[in-house]
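Enquirer: Add chain B to chain A, keeping to what the hints say.
Chains as they are written, first to last, in the working numbering: chain A, 109 to 576; chain B, 109 to 576.
In short, the hints are calculated from the structure, not lab data.
Some clues are possibly wrong.
Think about it this way: if two alpha-carbon atoms lie no more than 30 Å apart in a straight line, the pair counts; the simulated BS3-like pairs of lysine-lysine are [stated by the list, open to error]:
(1) Lys216/B x Lys124/B
(2) Lys460/B x Lys398/A
(3) Lys223/A x Lys156/A
(4) Lys465/B x Lys398/A
(5) Lys475/A x Lys460/A
(6) Lys520/B x Lys427/A
(7) Lys465/B x Lys392/A
(8) Lys398/B x Lys427/A
(9) Lys392/A x Lys427/B
(10) Lys427/A x Lys427/B
(11) Lys520/B x Lys449/B
(12) Lys427/A x Lys453/B
(13) Lys427/B x Lys362/A
(14) Lys453/B x Lys398/B
(15) Lys282/B x Lys156/B
(16) Lys146/A x Lys124/A
(17) Lys427/A x Lys362/B
(18) Lys465/B x Lys376/A
(19) Lys453/B x Lys392/A
(20) Lys376/B x Lys465/A
(21) Lys362/B x Lys449/B
(22) Lys427/A x Lys449/B
(23) Lys475/B x Lys398/B
(24) Lys156/A x Lys183/A
(25) Lys465/A x Lys392/B
(26) Lys362/A x Lys475/A
(27) Lys520/A x Lys427/B
(28) Lys427/B x Lys460/A
(29) Lys398/B x Lys460/A
Output of the computed footprint for chain A on chain B, the stretches with three or more beta carbons under 8 Å from beta carbons of chain A [said to hold, decoys possible]:
(30) 316-322
(31) 425-438
(32) 462-476
All residues carry an ideal CB built from backbone N, CA and C; glycine is no exception.
Chain residues, written in single-letter form:
Number of protein chains: 2
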Amino acid sequence: MGLDRVLDRIDADVPKALERLFALIRIPSISTDSAYAKDVVACAAALKADVDSLGFQTTIHPTAGHPVVVAHRPKTGAPHVLFYGHYDVQPVDPEALWTEPPFAPSVKEIAPGRKVITGRGSADDKGQVMTFIEACRAFLATTGDLPVGVTLLIEGEEESGSPNLPAFVETHRKQLQADIGLVCDTGMWDADTPAITTSLRGLVYQEIVVRCADRDLHSGLYGGAAANPAHVLARIITSLHDRNGRVRIPGFYKGVTNPPAAQLANWKSLGLTEAEFLGPIGLKHSVGEKGRELIEHIQSRPTCDVNGIWGGYTGEGAKTVIAAEARAKISFRLVGQQDPKAIAKAFAAYVKRQVPKDCSVEVIPMKGSRAFEVDYNAPAIAAARTALRQEWGREAAAIGSGGSIPIVGDFKRILGLDCVMVGFGLEDDRVHSPNEKYDLKSFQKGTRSWARILDALARMKPAKEPAR
Amino acid sequence: MGLDRVLDRIDADVPKALERLFALIRIPSISTDSAYAKDVVACAAALKADVDSLGFQTTIHPTAGHPVVVAHRPKTGAPHVLFYGHYDVQPVDPEALWTEPPFAPSVKEIAPGRKVITGRGSADDKGQVMTFIEACRAFLATTGDLPVGVTLLIEGEEESGSPNLPAFVETHRKQLQADIGLVCDTGMWDADTPAITTSLRGLVYQEIVVRCADRDLHSGLYGGAAANPAHVLARIITSLHDRNGRVRIPGFYKGVTNPPAAQLANWKSLGLTEAEFLGPIGLKHSVGEKGRELIEHIQSRPTCDVNGIWGGYTGEGAKTVIAAEARAKISFRLVGQQDPKAIAKAFAAYVKRQVPKDCSVEVIPMKGSRAFEVDYNAPAIAAARTALRQEWGREAAAIGSGGSIPIVGDFKRILGLDCVMVGFGLEDDRVHSPNEKYDLKSFQKGTRSWARILDALARMKPAKEPAR
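Next comes chain A alone, as it looks inside the complex:
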């Protein structure tokens, strides 16, 4: 069978595949620091050279920022996939904390039998991008062809917030047409369990400023009479949740639905316990809504968290001040059809109602984005689930992601494309931190996973279960 030969080829080619990945990691393509602008360009060129050699038709597109690499390999009569990844990396400071140099990659055994690829970008996202390209390479080397048509879109500004990408996709919508989007910038459920990210929580992020007196006051003179904004702020924050952990803002849960039965069953099968999830961070009990499972708290239920709070004297020692103002940054993770604009408005109105006479509150909107959900029963997702189960010997977890991956929304909005988000990162990869690494197992079995997924997508049939 063709696929078996492809998988064998992947295993045999690991040493050379590592060399190719190392060559990319050696280029310090830090997109946020203009001192590395030439390296970013060099990295795009290196990528182009590699995929050119695979028979892709590759173009480096300049943008107002860093270039986008687009490579085509169409296939008549087969589905066409659009693969997204990024070749830029995070800065490395503080560099002193790296035990291995960030741009001199190596394979290191960090525990008996556990080997990792070291270096900045090993996981985020050069290593992940190469799992897909190596899968293509193995198909081409073995069968002379790819099972599906492929377009690669590898950008160089993801770590800078992708400022030019939406406009680029808009301008190149015709060249980027495809049947399915594939994104490799997410993680596994755990080291043995693959995952498909089927939802991204939305976000409403606001700063509030409570003001009372028009200046800082001496608490010895005014204490007992003057309103204290820290007290008012505390009362507002306390009022955001009821005793059952539910958010009390009227209308907050509008658009929140329960996940489909199949997804709930998938989650249940994962058997996630509080000890497993919270134990590593020193906690034991989820504070989420009573009567819901932990997996719902972190996947399908909206949340509300104070991300920062400050006011008054915060230095050493004691200062008897009543501050003129106190501030908090408060954010909401959204799910389903929750409307960020409506929630921002309801939040502001709710907060203003909590403020006593003499005091005022200013609500400063900062960010707002809708949640995004992929249909768990969509044919491409079903194909990926099957492929991942075959590779890893267990059902893939269908998970939600807290971080935002804006390209998924752009692909949907501009290209009408649904995405399959599969990645092989692990929680301890330290992306964005010193000592980033990518497990060799993630790299090798990730490559094998993409080979299986491409094979499955070529033979994709509509799922029997109806879409929700």
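Expert: Chain B only, in chain A's frame:
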């Protein structure tokens, strides 16, 4: 009558009295900055030279820090008073904000008919100290004697927290024996109403640290499940007051009593309104205990205020973090017989009971001092009230002070001495800030007030009302 001649002499001598005060202000006796150590010594020497010339027996006592000036002028058969003040001053930075140079004093008309003495120390405390010395000078120039025996204790470390003063008083308790303490380091009720400070609120100051997870968390990953210390802290702060503005810590009000009827009547006669007290700081309504008058909120009721709060991300923009810990500085103003140790203990126990499972709270004690009250009906207070009424044409306000004046406690504890705290500072004197000033009226009528008080103390009789 002798007193009238003394008062006339004071009025006539104002130009020369100003020159003497200016000479002191010109010496930058900043006690907190070792660069000015010689100036501090020079200021002590200048004071000694002046009071020596009045026939006091004066000694400059070195301490581990800056020297103390002690001057004696005993009088057989008369009461003896111990007068306290300080000759050191606050630093002047930011110097750029001074419209007049801080150490080149002048008289300046800041409003039609309102003249002020400019310069650092004009109010705090050189100007106030000189009101007393000038009163003595006028008695000596007019009658050749003082009506009472006088000891001056003028220290040079008040702005540094008087680190060496308690030990000095202890060591020199015999030389400092007196019948009454007089302190001139407080303020008027308003520009037309004198005040006697009869109570100092005590203080319990604590920092609390709420800890949940053992590290900062990404709210997109852990939000909805992980306990958030900012929420816990907000709940603790909210729980400190009930709906009626009362502190909810069990036992908090133990030792709090209502002021004596005469003091309440005195307060009532002041007719303080919320508009008067809170209007200048942009507020309208007192948040103190329901069913109590504003004057009680700021004078005789204990308080609880958050002085600082912080946790999580407080910089620009949005960061989706759940902090590992959140902190607050929380202080209580104490009155009557409230026990700072008992309250600190009750607070810690109360806070710990509010903390949910998985979280912890550390309570860090920072400061604790008892409230201090002078008997409103004590003979010396009654004498001062009479003298002030005669000078200002209205009843002196018997007020509490929020700031602490530790020497008052030291005099009581070490010397068994009750103090009369009278001062002529105004709220807009900007002590400790750029552009400190002292009203010329405060200086002149303050001097006259001390002359009347010394005269009254000489003829002091026990008050008819029994002590509480």
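Enquirer: If a hint holds in the structure, say so; if it doesn't, say that too.
Expert: Okay, the hints, checked on the actual structure:
no.	hint	in the structure
1	Lys216/B x Lys124/B	holds (17 Å)
2	Lys460/B x Lys398/A	holds (23 Å)
3	Lys223/A x Lys156/A	holds (29 Å)
4	Lys465/B x Lys398/A	holds (15 Å)
5	Lys475/A x Lys460/A	holds (19 Å)
6	Lys520/B x Lys427/A	holds (26 Å)
7	Lys465/B x Lys392/A	holds (8 Å)
8	Lys398/B x Lys427/A	holds (27 Å)
9	Lys392/A x Lys427/B	holds (25 Å)
10	Lys427/A x Lys427/B	holds (29 Å)
11	Lys520/B x Lys449/B	holds (20 Å)
12	Lys427/A x Lys453/B	holds (21 Å)
13	Lys427/B x Lys362/A	holds (26 Å)
14	Lys453/B x Lys398/B	holds (26 Å)
15	Lys282/B x Lys156/B	holds (21 Å)
16	Lys146/A x Lys124/A	holds (26 Å)
17	Lys427/A x Lys362/B	holds (26 Å)
18	Lys465/B x Lys376/A	holds (26 Å)
19	Lys453/B x Lys392/A	holds (29 Å)
20	Lys376/B x Lys465/A	holds (25 Å)
21	Lys362/B x Lys449/B	holds (12 Å)
22	Lys427/A x Lys449/B	holds (19 Å)
23	Lys475/B x Lys398/B	holds (28 Å)
24	Lys156/A x Lys183/A	holds (20 Å)
25	Lys465/A x Lys392/B	holds (8 Å)
26	Lys362/A x Lys475/A	holds (19 Å)
27	Lys520/A x Lys427/B	holds (26 Å)
28	Lys427/B x Lys460/A	holds (24 Å)
29	Lys398/B x Lys460/A	holds (23 Å)
30	316-322	holds (count 3)
31	425-438	holds (count 11)
32	462-476	holds (count 5)
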